[in-house]
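J.: First to last, the protein sequences are chains B and A. Everything in the first sequence is counted per the numbering used here, starting at 1 for the first residue and increasing by one. Everything in the second sequence is counted per the numbering used here, starting at 1001 for the first residue and increasing by one.
Relax, there's no trap hidden among the hints.
When the alpha-carbon atoms are kept at most 20 Å apart in a straight line, the in silico EDC-like pairs for lysine to aspartate or glutamate are as follows:
id : chain 1 : residue 1 : chain 2 : residue 2
1  : A       : K1270     : B       : E123
2  : B       : K124      : A       : E1200
3  : A       : K1238     : B       : E123
4  : A       : K1124     : A       : D1100
5  : A       : K1269     : A       : D1332
6  : B       : K124      : A       : E1267
7  : B       : K238      : A       : D1100
8  : A       : K1298     : B       : D243
9  : B       : K260      : B       : D243
10 : A       : K1124     : B       : D258
11 : A       : K1237     : B       : D93
12 : A       : K1141     : B       : D243
13 : A       : K1238     : B       : E129
14 : A       : K1141     : A       : E1129
15 : B       : K252      : A       : E1123
16 : A       : K1124     : B       : D243
17 : A       : K1260     : A       : E1215
18 : B       : K238      : A       : D1093
19 : A       : K1237     : B       : E123
20 : B       : K124      : A       : E1202
21 : B       : K252      : A       : E1129
22 : B       : K238      : A       : E1123
23 : B       : K298      : B       : E196
24 : A       : K1237     : A       : E1256
25 : A       : K1124     : B       : E202
26 : A       : K1252     : B       : E123
27 : B       : K270      : A       : E1123
28 : B       : K252      : A       : E1145
The hints are simulated quantities; they were obtained by calculation from the structure and are not laboratory data.
Protein chains: 2
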Amino acid sequence: GPSACRGPPVGGGFSRPAFLQLTSEELQLADDHAGRAVQSPRESRRRLPWSTGYAEKDLCFHYWGLFDGHAGSGAAVMASKLLHLHICDQLRDLVDILQDSSPPPLCLPGILPSDALPRFHLEKAVSHESLVIGAIENAFKRMDEQIERERMTRLVAGGCCALAVVYLLGKVYVANAGDSRAIIIRNGEIIPMSREFTPETERQRLQFLGFLRPELLGNEFTHLEFPRRIQHKELGKKMLYRDQNMNGWAYKRIEEDDLKFPLIYGEGKKARVMATIGVTRGLGDHDLKVYNSNIHIKPFLSCVPEVRVYDLTQYEHCPDDVLVLGTDGLWDVTNDREVADVVKEVLMDYEPNDPLKAWAGWLQCGGGPCCPKCPVLPTCCHHSLSGYSSHSLPLSCLKGTVSQACVPGGGAGCCFLQSTGAGRRGHLRVMCSSHLPTGPPMGPTELDSTP
Amino acid sequence: GPSACRGPPVGGGFSRPAFLQLTSEELQLADDHAGRAVQSPRESRRRLPWSTGYAEKDLCFHYWGLFDGHAGSGAAVMASKLLHLHICDQLRDLVDILQDSSPPPLCLPGILPSDALPRFHLEKAVSHESLVIGAIENAFKRMDEQIERERMTRLVAGGCCALAVVYLLGKVYVANAGDSRAIIIRNGEIIPMSREFTPETERQRLQFLGFLRPELLGNEFTHLEFPRRIQHKELGKKMLYRDQNMNGWAYKRIEEDDLKFPLIYGEGKKARVMATIGVTRGLGDHDLKVYNSNIHIKPFLSCVPEVRVYDLTQYEHCPDDVLVLGTDGLWDVTNDREVADVVKEVLMDYEPNDPLKAWAGWLQCGGGPCCPKCPVLPTCCHHSLSGYSSHSLPLSCLKGTVSQACVPGGGAGCCFLQSTGAGRRGHLRVMCSSHLPTGPPMGPTELDSTP
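Just chain B, with the same shape it has in the complex:
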């Protein structure tokens, strides 16, 4: 659980870095002496791998989140307070590995040359980037499990779409589970950083599950899709349908079973899973059922985000480039181009040095120790994550900023990622109207990052 983020790790709570080249017996011993946080390599193994030194540096981590609640505010509020801690928790063991320039070890603890396994002719190379993606994916799973576990004691109601952004080692990771959307506006060009997960975009995954596990449909739904309800008197006629394998449509003779309600039904914003929910990924919703029935929706929902990566070091950025996160409430009434135009218009109203021109800052160079070459978030807004502020992990620590917006009851939310020079903390502008203002933005809303 994320509580591991809050205190110094105890025996078994952390692992020794690979470059110490400990045997399993030595590791066991090191575990038993948890108090001795620092271990040196033995005399005979002093040839440390290249870049071992970097492993002792802090790893800077910045985080933004947007949580759009439905059917109650509990899940959105809880996720906004804890998701970043789960991400920390998943990243913690990777701190050394991510800062080591050699490929991540496939197995931990690493293999000693003397003790080496036979070489495998099929051995997959795994990138550092894919470890961060895996960490974020698993953090969402752990968050969802925690909501499930504690939903009775903490009275966590409903569910939420979660859109989280992690900055780490020069790259921005955008993780989306739901129908919120992130775009980067770079020199007027729009770069989509997410896609929406709805009954329409995930139709085949849901139908495949309903086909393989018909008991989840509770004898009331059919996994087939039809373009409208079928009436009993139409039995024997031919109706258009799609199954889990099809992208096109075809006619089939209507049978008794086809009179059940389609698992996926409706079009666009009206599309629903089992006539109940219009979004297919997110956190929470463990108690959501089909109205007046005992059929659970949760098995059809996924808490796993799709993570897209944007390498900040690969592009030239202007001061007015921004990353925009918005809930469906925003994108329902506007589109990427309109948002880009409004952002441009608004930013033009400010003098280049106006501190309110805050959103312009997020891509400016900070020159922090985490990313010496990469022009990213200003270091002035670095502050230690709660749980990491007062102590270090054995050899390195994660530091960073946390900013988030929570729209507990649903509706339209939009945040412009930004950082000002004004404080030690990242700022986040939250606009809770369903339209973007055409005038200057509201003053920055400083959200407390302490859970």
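Go by the hints and put chain A onto chain B.
T.: Same frame as chain B, now just chain A:
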């Protein structure tokens, strides 16, 4: 079955067109008098829908196929002889609907105004294009079922990748089930018309199935992916893994169950499903098992193609634009750009009017009745499909050309879609070397389209 393509339809084998506005009782009656192929609308319903007249025109259909066999030639040969008949069979009932400019009826027979159902506020619009896609998808399923049914009597061995191209009403439909590839080269630009289905590209679908139906893994495989084999002595260590939900990688503690062989294993060309097959879609393979076991591979394979559509009327084409189909044997040793360069080089060696410059013809205007405005395949190579040659369906018929290449034993095959002015039949250049020639192409190979 495709035999329906070969003879005139009998009672129940066809349906009356919607514009006749027959009630269900009248339809029943019409069915009982199958001999009376022509029905007129009743006096009171003489207001025919716009474009009813077009429904009596022939529908021109052109077809190319490429079949790459493995583990025996049977499936490839059978599919090359019959797949186009299955496609005809699926398209047959759509002939009127596709030529009617109004949206396809959701239900057949159509609803009379007097007899109308209540209007449904949720009613999905289905395009003509998606009916053709559905027809092709279902034709692949029927073909696969036929191979399964007849594999004992016809001695159909092995399986095959199938790449089929259908031209209909101004659009090219490219259907791919396997690891062959189609590209369009338009004025030097490459437009991918397919993607390859391999254990790597379909990993998550396969893992999801293995996760939901563990009995299909026969207690020998795990649905988790690992970057290499795990040895028994590594129990308790941590290993990188991916599950069916993940795109990234993470570490997990190795348990007893993880010592099973991964469902998906190996990288690139060496990736295999259950250590057996490197392609995840296609026809046949019903008897394929994991070596020395009773575990069937077929449940993990899909016979359903992905269909991409290219609207010929939306683009300007030069005489040297071509559509290239190739098996993996071709694409393993070359890439899209090299193929485009070779094609350009080869075509330059011909005088514009050289009949051997055949492949240049495929996008030229035919001015046929099927597509009055659309500059497509020359009508000179129209000929009736077998089964449709000697008689008409009640109100309309499908006509067209069939060309195909079959690489029964696997290996490299490459066809350039083309049509010459030389004969009544479409031609197909088949190069069975694993390299594209840098000199002029071999003479066109005329393949008989009669099954």
